[in-house]
Amino acid sequence: MKKYTYTESKDTRSGFGAGLVEAGRKNKDVVALCADLVGSLKMGDFIKEFPERFVQVGIAEANMMGIAAGMTIGGKIPFTGTFANFSTGRVYDQIRQSIAYSDKNVKICASHAGLTLGEDGATHQILEDIGMMKMLPGMTVINPCDYNQTKAATMAIAEYEGPVYLRFGRPVIPVFTPADQEFVIGKAWMVNEGTDVSIFATGHLVWEAIKAGEKLAEMGISAEIINIHTIKPLDEEAILKSVAKTGCVVSAEEHNRLGGLGDSIAQLLAKTTPLPMEYVAVNDSFGESGTPEQLMKKYGLDDAHIVQAVQKVMERKQALAE
Numbered sequence: 001m002k003k004y005t006y007t008e009s010k011d012t013r014s015g016f017g018a019g020l021v022e023a024g025r026k027n028k029d030v031v032a033l034c035a036d037l038v039g040s041l042k043m044g045d046f047i048k049e050f051p052e053r054f055v056q057v058g059i060a061e062a063n064m065m066g067i068a069a070g071m072t073i074g075g076k077i078p079f080t081g082t083f084a085n086f087s088t089g090r091v092y093d094q095i096r097q098s099i100a101y102s103d104k105n106v107k108i109c110a111s112h113a114g115l116t117l118g119e120d121g122a123t124h125q126i127l128e129d130i131g132m133m134k135m136l137p138g139m140t141v142i143n144p145c146d147y148n149q150t151k152a153a154t155m156a157i158a159e160y161e162g163p164v165y166l167r168f169g170r171p172v173i174p175v176f177t178p179a180d181q182e183f184v185i186g187k188a189w190m191v192n193e194g195t196d197v198s199i200f201a202t203g204h205l206v207w208e209a210i211k212a213g214e215k216l217a218e219m220g221i222s223a224e225i226i227n228i229h230t231i232k233p234l235d236e237e238a239i240l241k242s243v244a245k246t247g248c249v250v251s252a253e254e255h256n257r258l259g260g261l262g263d264s265i266a267q268l269l270a271k272t273t274p275l276p277m278e279y280v281a282v283n284d285s286f287g288e289s290g291t292p293e294q295l296m297k298k299y300g301l302d303d304a305h306i307v308q309a310v311q312k313v314m315e316r317k318q319a320l321a322e
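Residue numbers for the sequence shown follow UniProt numbering, so the first one is 1 and each next one is one higher.
Worth double-checking, as some hints may not be accurate.
Said to hold, decoys possible - Restricting the straight-line Cα-Cα distance to at most 25 Å, the calculated cross-link-like pairs of lysine-lysine (PhoX-like) are:
1. Lys215 x Lys298
2. Lys76 x Lys232
3. Lys10 x Lys187
4. Lys241 x Lys298
5. Lys245 x Lys215
6. Lys232 x Lys215
7. Lys134 x Lys26
8. Lys245 x Lys211
9. Lys271 x Lys134
10. Lys215 x Lys312
Just so you know, these hints were derived from the structure itself, not from any lab.
Required output: the full structure, derived from the provided sequences and hints.
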């Protein structure tokens, strides 16, 4: 299997900040709005370079969504920025009515998603946002895996016409994807080819899947690992091609097991190729305060739990074959 190495670690939110500046340089219609979290969203460089294209809305997230929707009417491409919890749960009605229903070209950019928000606890660790956003007709949902991919995704969505939910996080994680990558919305990225099991991972769980794949290789298990950075539209072709080889599936995400990537894959398989499948996700619960590492381990989102899920799903595959 291909070995992935890294020389530095960065937070994905910094990838968003870097991508936003580049998008602003390429297109004068790119504007940014923030709900009093400029530092957390890494919007400082954009503000320095394009102060006239930035709106500090303050702690008024619903108003921010309405303003962003209105700005699209004048041809602007607004990027809104706040925590994932405030980007979705707090303002769902405004997104549904003013952005999704009206098909407005707003880019909803959400940091501090999932358990890895850490010590701020359950009130801020939204684990339902992917499900909420993917259910909105016309909404594109993207969850990149590292700094470079988040930067590339941010630049790509500026050129995409339509509402987008871009999800990223606070923890520092390895940078392992190419700096010069082309980000194609809706096209999965093959991390490692394999023959025994398909692991479909998204966001921070892609690196955990890579580590799990190395452990599985030592056990004689060939894992095919695919990065599903775009959860909607789902790359159905890549998923079906993979499972046709392996015959069993593990999904891995920093999200509630209800409504996330795993459910999208399960729906696809139920319609086409029913197969043994295991979820690596939060098991229908809220989070709690703790370090990202502690929480990922406790809630079963680390590489060790991916290995366990693979062993379990392969036992089920073997039982069906007998």
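Structure-based check of each hint:
1. The hinted pair formed by Lys215 and Lys298 meets the criterion: a straight-line CA distance of about 20 Å does not exceed 25 Å.
2. A hinted pair counts as satisfied when its Cα atoms are at most 25 Å apart, and Lys76 with Lys232 qualifies at roughly 24 Å.
3. The hinted pair formed by Lys10 and Lys187 meets the criterion: a straight-line CA distance of about 24 Å does not exceed 25 Å.
4. Only pairs whose Cα atoms come within 25 Å are accepted, and Lys241 paired with Lys298 is rejected, the gap being roughly 33 Å.
5. With a C-alpha separation of about 21 Å, the suggested pairing of Lys245 with Lys215 holds against the 25 Å cut-off.
6. Restraint check for Lys232 and Lys215: not satisfied, since their Cα atoms lie roughly 30 Å apart, outside the 25 Å limit.
7. Simply put, Lys134 and Lys26 have alpha-carbon atoms about 28 Å apart, too far for the 25 Å limit, and the pair is violated.
8. Distance restraint check for Lys245 and Lys211: the Cα-Cα separation of roughly 22 Å lies within the 25 Å cut-off, and the hinted pair is therefore satisfied.
9. A hinted pair counts as satisfied when its Cα atoms are at most 25 Å apart, and Lys271 with Lys134 qualifies at roughly 19 Å.
10. This hinted pair checks out: Lys215 and Lys312 have alpha carbons roughly 15 Å apart, not beyond 25 Å.
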